[in-house]
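Colleague: For chain P, the structure is supplied; the task is to place chain X on it using the hints.
The chain contents come next:
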Amino acid sequence: MIMELKVAEKSGAEILVQTLLDLGVDTVFGYPGGAVLPIYDALYDHPKIKHILVRHEQAATHAAEGYARSTGKPGVVLVTSGPGATNAVTGITDALMDSIPMVVITGQVATNLIGSDAFQEADTVGITRHCTKHNYLVKQPSDLAGVLTEAFHIATQGRPGPVVVDIPKNVQVAEAEFRSHNGKINPRYQPQIDGDFKAINEAAEMIMQAKAPILYTGGGIINSGPNASETLCQLAELTGAPVTSTLMGLGAFPASSEQWLGMLGMHGTFEANMAMNRADLVVCLGARFDDRITGRIDAFSPNSKKIHVDIDRSSVNKTIRVDLPVIGDVGRVMEQLLAVLKGRKFNAPDYEEWWARIKGWRATNCLAYPESKTEIMPQEAIRKLWEATHERSPIITTEVGQHQMWAAQHFDFEKPNKWLTSGGLGTMGYGLPAAIGAQLGDPDALVIDIAGEASIQMNIQELGTASQYRLPVKIFILNNEYMGMVRQWQELTYESRYSNSYSDSLPDFIKLAESYGWTGILIEDPSDLETGIKKMIETDGPVLVDCRVAKLANCFPMIPSGAAHTDMLLTPEDVKGTMDDNAKALV
Amino acid sequence: MHIKEEKVERHVLAVLVDNEAGILARIAGMFTARGYNIESLTVADISADHAISRITIATNGPPHVIEQIIAQLDRLVPVHSVRDLTEAGPHVQRELALVKVSGKGENRIEAMRLADVYRARVVDATTESFVFEITGAPDKIQTFVGLMREVGLVEVGRTGVVAIGRGPDVA
Numbered sequence: 042m043i044m045e046l047k048v049a050e051k052s053g054a055e056i057l058v059q060t061l062l063d064l065g066v067d068t069v070f071g072y073p074g075g076a077v078l079p080i081y082d083a084l085y086d087h088p089k090i091k092h093i094l095v096r097h098e099q100a101a102t103h104a105a106e107g108y109a110r111s112t113g114k115p116g117v118v119l120v121t122s123g124p125g126a127t128n129a130v131t132g133i134t135d136a137l138m139d140s141i142p143m144v145v146i147t148g149q150v151a152t153n154l155i156g157s158d159a160f161q162e163a164d165t166v167g168i169t170r171h172c173t174k175h176n177y178l179v180k181q182p183s184d185l186a187g188v189l190t191e192a193f194h195i196a197t198q199g200r201p202g203p204v205v206v207d208i209p210k211n212v213q214v215a216e217a218e219f220r221s222h223n224g225k226i227n228p229r230y231q232p233q234i235d236g237d238f239k240a241i242n243e244a245a246e247m248i249m250q251a252k253a254p255i256l257y258t259g260g261g262i263i264n265s266g267p268n269a270s271e272t273l274c275q276l277a278e279l280t281g282a283p284v285t286s287t288l289m290g291l292g293a294f295p296a297s298s299e300q301w302l303g304m305l306g307m308h309g310t311f312e313a314n315m316a317m318n319r320a321d322l323v324v325c326l327g328a329r330f331d332d333r334i335t336g337r338i339d340a341f342s343p344n345s346k347k348i349h350v351d352i353d354r355s356s357v358n359k360t361i362r363v364d365l366p367v368i369g370d371v372g373r374v375m376e377q378l379l380a381v382l383k384g385r386k387f388n389a390p391d392y393e394e395w396w397a398r399i400k401g402w403r404a405t406n407c408l409a410y411p412e413s414k415t416e417i418m419p420q421e422a423i424r425k426l427w428e429a430t431h432e433r434s435p436i437i438t439t440e441v442g443q444h445q446m447w448a449a450q451h452f453d454f455e456k457p458n459k460w461l462t463s464g465g466l467g468t469m470g471y472g473l474p475a476a477i478g479a480q481l482g483d484p485d486a487l488v489i490d491i492a493g494e495a496s497i498q499m500n501i502q503e504l505g506t507a508s509q510y511r512l513p514v515k516i517f518i519l520n521n522e523y524m525g526m527v528r529q530w531q532e533l534t535y536e537s538r539y540s541n542s543y544s545d546s547l548p549d550f551i552k553l554a555e556s557y558g559w560t561g562i563l564i565e566d567p568s569d570l571e572t573g574i575k576k577m578i579e580t581d582g583p584v585l586v587d588c589r590v591a592k593l594a595n596c597f598p599m600i601p602s603g604a605a606h607t608d609m610l611l612t613p614e615d616v617k618g619t620m621d622d623n624a625k626a627l628v
Numbered sequence: 046m047h048i049k050e051e052k053v054e055r056h057v058l059a060v061l062v063d064n065e066a067g068i069l070a071r072i073a074g075m076f077t078a079r080g081y082n083i084e085s086l087t088v089a090d091i092s093a094d095h096a097i098s099r100i101t102i103a104t105n106g107p108p109h110v111i112e113q114i115i116a117q118l119d120r121l122v123p124v125h126s127v128r129d130l131t132e133a134g135p136h137v138q139r140e141l142a143l144v145k146v147s148g149k150g151e152n153r154i155e156a157m158r159l160a161d162v163y164r165a166r167v168v169d170a171t172t173e174s175f176v177f178e179i180t181g182a183p184d185k186i187q188t189f190v191g192l193m194r195e196v197g198l199v200e201v202g203r204t205g206v207v208a209i210g211r212g213p214d215v216a
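The listed protein sequences correspond, in order, to chains P and X. Residues 42 to 628 (my numbering) are what the first sequence spells out, left to right. Residues 46 to 216 (my numbering) are what the second sequence spells out, left to right.
For reference, chain P alone in the conformation it holds in the complex (with noise of 0.2 Å):
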């Protein structure tokens, strides 16, 4: 007698969970609710997998980012269908423009039940089209394992991004033959990874023939990898051009090196400004031109030839013309482009004149501010908690705005994933569960959100997230009772007429900690400043810091809307506080 071998069945549920083990997915961030109560039923028999109940879900999304930009390993979240679902659409949006890998399963009311508006059903797939890099609605239980795997190898691979997967409670609970998919070959989606080699030689030969080359770097190269990060330090020192960073990419590049010339774009240093706009090559590496960083698109480096590598084609010539495309990851373009130059001899020439022309530039110190006896500067702030902390070299998140600013300015980075900030969409409310999400991702990592009194309001619940799992997640808030930049652009461009910007009834902060189990730690006189930061670092557990600052301090140097690299603010002086139509249409 021939015995066929079966087999075994599994449920959806079962299916799901076993794949996320065979993944090797040992974190997942969600909130419970109706359509994926069968999940959480077999997540009752994985303690393998750790979940971590949020208090909402948008939460769980920057939670998952957090983790997966800190760690390099993919986010998961977990949330029920209909509101479930759409209170992930901001982490969900804010991942694709950072290009964070996270992988989001949703219920689904079951297939039956699709289109008849059921009790919290929404169109998961239908919404999130736009704000994912692929989605998937699963109607077998038998395809699960498979849309599964594809969903992480397209999270991951290329340019990384969210992935939605919508499971139908019915599709959770019907049984299907379980096969594991993992280590099998997607055919579906290959992303180019090395550069084209005829393009690496020409890149190499523009850069063996410039005379004032700047390396312009970001996220990609974070994404990239840690290896990406020294590559580009092999890279700058062979080269020896000045290095400036997107906001995503801080960190890549040490901060204590010679040729870094710390942020480009709107908030970034006039000599990095300076240097893109009289660069005769610009080499950007993992960034995409966002308009942060160009300015006024006509005036944006005018006279110099430009290569871009990218992983994503449809980033390239989107905004601003380059001579030289590389498609490819930009840490293997950047091996290839190093071996290419050590195979023809290449002698970095010193660049004297580009050098001395830079020096000038830096001379402005142009991330000077007024100091005060009186109000703590929010710089200072920053700077005394760099001081205090950077030998341990802490994670750092940020909620949305002044303070982001201020922070990325003035909080120097000298290694990759510690700097986890809501670049492209803008996130308030990003910092809190970033942290959290960060803090599980290395448990014995300082990590501190740098956050403002409004912003961390948008995700203030999370005080119990954190209770609730023993994170010893610092928040330092820059606490100046209002939405500081929004402020400041009314100071800018409406004649200071404060619409809605004043941070009114505020909590008290130190109270609300505490009645989450925090530690609440008041700083109001400068001469304290020191002490309670200290205060923070050595107490166990999470701390809540919220330190009064300036009330009107403004964020400088800036570029304003529509204007030139050339044409930086550097202080209050700077302002004229009005203008005209075609800047005021501009984000």
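It should be emphasised that the hints constitute simulated quantities derived from the structure, not laboratory data. Owing to the predicted nature of the structure, the values given are computational and were not obtained by experimental measurement. Warning: the hint list may mix true and false statements.
Unchecked claim - Derived pair list, reagent style DSSO-like, types lysine-lysine, alpha-carbon separation capped at 30 Å:
1. Lys346(P) - Lys49(X)
2. Lys52(X) - Lys359(P)
3. Lys49(X) - Lys617(P)
4. Lys625(P) - Lys52(X)
5. Lys49(X) - Lys359(P)
6. Lys89(P) - Lys225(P)
7. Lys625(P) - Lys49(X)
As the list claims (entries may be wrong) - Some but not every residue of chain X turned toward chain P, in silico, with C-beta under 7 Å:
8. Met46
9. Gly74
10. Gln117
Yeah, the Cβ is synthetic: ideal placement off N, Cα and C, and Gly gets one too.
Modeller: Relative to the frame of chain P, chain X by itself:
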């Protein structure tokens, strides 16, 4: 302040995609989401195993936008290839239209005469109406429909353009 318009050119793209649920929504949605134009869009599965569909999109925009449209299409996971037939060189464009005219007397005779000139076939006839089937490049259809308007056009249905490159090479 006024919003400026840029000069646009028309391009025909051939897009090969996985024949799966939602692919048309993905493509059409990408066009709306990014503010691109669709002049016409046709889709049908073309492979023996029904796994691959060919979508022909006629679009317009300034050259840098056309370049972005191609890159953005190429980025969608179920998209296998995108070919700009306008850029690639000589190609054939065809469209089919069904054109209904109604009327009696001189108009009816004139409609028949014009249909003959334009090689349109009569696929339905009553004593007071014709339905013509006409195939050709979009401008030919355009002209024919324009002429029919003057002799009693009541309804028209067009397929949108399909296109293929000339010569032995495959897109």
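Colleague: Each of the hints needs a verdict: does it hold here or not?
Modeller: Results for each hint:
1. Lys346(P) - Lys49(X): Given that 30 Å is the threshold and the Cα spacing comes to 28 Å, the pair holds.
2. Lys52(X) - Lys359(P): 17 Å, holds
3. Lys49(X) - Lys617(P): 27 Å, holds
4. Lys625(P) - Lys52(X): 25 Å, holds
5. Lys49(X) - Lys359(P): 19 Å, holds
6. Lys89(P) - Lys225(P): Satisfied, since the Cα-Cα distance of roughly 23 Å is no more than 30 Å.
7. Lys625(P) - Lys49(X): 16 Å, holds
8. Met46: Nearest chain P Cβ about 4 Å off; hint holds.
9. Gly74: It holds, given that the least Cβ distance between Gly74(X) and chain P is near 6 Å, below 7 Å.
10. Gln117: 5 Å, holds
Going down the numbered hints, you'll see the structure goes against none, and every one checks out.
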